[in-house]
Amino acid sequence: GQQLNQSPQSMFIQEGEDVSMNCTSSSIFNTWLWYKQDPGEGPVLLIALYKAGELTSNGRLTAQFGITRKDSFLNISASIPSDVGIYFCAGQPMTTDSWGKLQFGAGTQVVVTP
Amino acid sequence: DVKVTQSSRYLVKRTGEKVFLECVQDMDHENMFWYRQDPGLGLRLIYFSYDVKMKEKGDIPEGYSVSREKKERFSLILESASTNQTSMYLCASSWGLVTQPQHFGDGTRLSIL
Chain A
99 GQQLNQSPQS MFIQEGEDVS MNCTSSSIFN TWLWYKQDPG EGPVLLIALY
149 KAGELTSNGR LTAQFGITRK DSFLNISASI PSDVGIYFCA GQPMTTDSWG
199 KLQFGAGTQV VVTP
Chain B
8 DVKVTQSSRY LVKRTGEKVF LECVQDMDHE NMFWYRQDPG LGLRLIYFSY
58 DVKMKEKGDI PEGYSVSREK KERFSLILES ASTNQTSMYL CASSWGLVTQ
108 PQHFGDGTRL SIL
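Here the protein sequences line up with chains A and B, keeping their order.
Count along the first sequence from 1, add 98, and you get the number used in my numbering.
Count along the second sequence from 1, add 7, and you get the number used in my numbering.
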């Protein structure tokens, strides 16, 4: 399946800094999801977005469903060492031939230094 | 919390063997999915199932089959394992196909020698 355009590919930040990453597509989506994956583990759902323009927070994480339905961003505020990991976006396209299939971004590797 | 359990974290098999990967979810989800994850290629859908005994091909079904005899269990089968099937395999489940998020297991790292 088509892969979403996720950027940046990696980020090296200092503890306390804010992190921002985004995903874009040429297709329209009805759901955007953000996951975090630690080494050797499966992805864990962080935030789910269901409506265009929706802004949702989960602790220090904030994500938004783009108004055009073609993009989403994730912000992490005041990063801490345990924020290290790979963050994936995923989206459910609105086309019927994509029924049940998520498209995934390639991931953003976040490294936090003390 | 949703719990998706994969039977093995690490598995080593030989070329030509028939390999079974098992996945169980405890939330009565209708839908279950099998992905493989490879560096640089991201997550790729192998098969999914939206009901007992139902299955749909994903993007890379060749060399794989699946079985769903009970709602909570979804098995991935490598009919004759090959070295290019060495990968991380992830199982996921969800309520609805369209809007509900998928929840993942911890993965099985499979090595084919």
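It should be emphasised that the hints constitute simulated quantities derived from the structure, not laboratory data.
Quick reminder that beta carbons are idealized off the backbone N, C-alpha and C, glycines included.
Careful: at least some of the hints might be erroneous.
[As the list claims (entries may be wrong)] Below, computed lysine-lysine pairings styled on DSS-like, alpha-carbon distance capped at 27 Å: (1) B/Lys77 with B/Lys64; (2) B/Lys77 with A/Lys199; (3) B/Lys77 with A/Lys149; (4) A/Lys168 with B/Lys10.
[What the hints assert, rightly or not] Sample of chain B residues lacking proximity to chain A, with all beta carbon distances greater than 10 Å (derived): (5) Val11; (6) Asp35; (7) Lys60; (8) Asp66; (9) Arg75; (10) Glu76; (11) Asn91; (12) Gln109; (13) His110; (14) Asp113.
Taking the hints in turn, this is what the structure says about them:
1. B/Lys77 with B/Lys64: It holds: about 19 Å lies between the C-alpha atoms, which stays within 27 Å.
2. B/Lys77 with A/Lys199: The given pair, whose Cα atoms are some 22 Å apart, holds under the 27 Å limit.
3. B/Lys77 with A/Lys149: Status violated; Cα separation ~34 Å.
4. A/Lys168 with B/Lys10: violated, 31 Å
5. Val11: violated, 8 Å
6. Asp35: holds, 18 Å
7. Lys60: holds, 16 Å
8. Asp66: Per Cβ check, B/Asp66 is inside 10 Å of chain A; nearest 5 Å; violated.
9. Arg75: At about 14 Å from chain A, B/Arg75 clears the 10 Å cut-off, so the statement holds.
10. Glu76: B/Glu76 is indeed farther than 10 Å from all Cβ atoms of chain A, at 20 Å.
11. Asn91: holds, 19 Å
12. Gln109: Its Cβ does come within 10 Å of chain A, the nearest being 6 Å, so this is violated.
13. His110: With a cut-off of 10 Å, B/His110 comes too close to chain A, as the shortest Cβ separation is near 6 Å.
14. Asp113: violated, 5 Å
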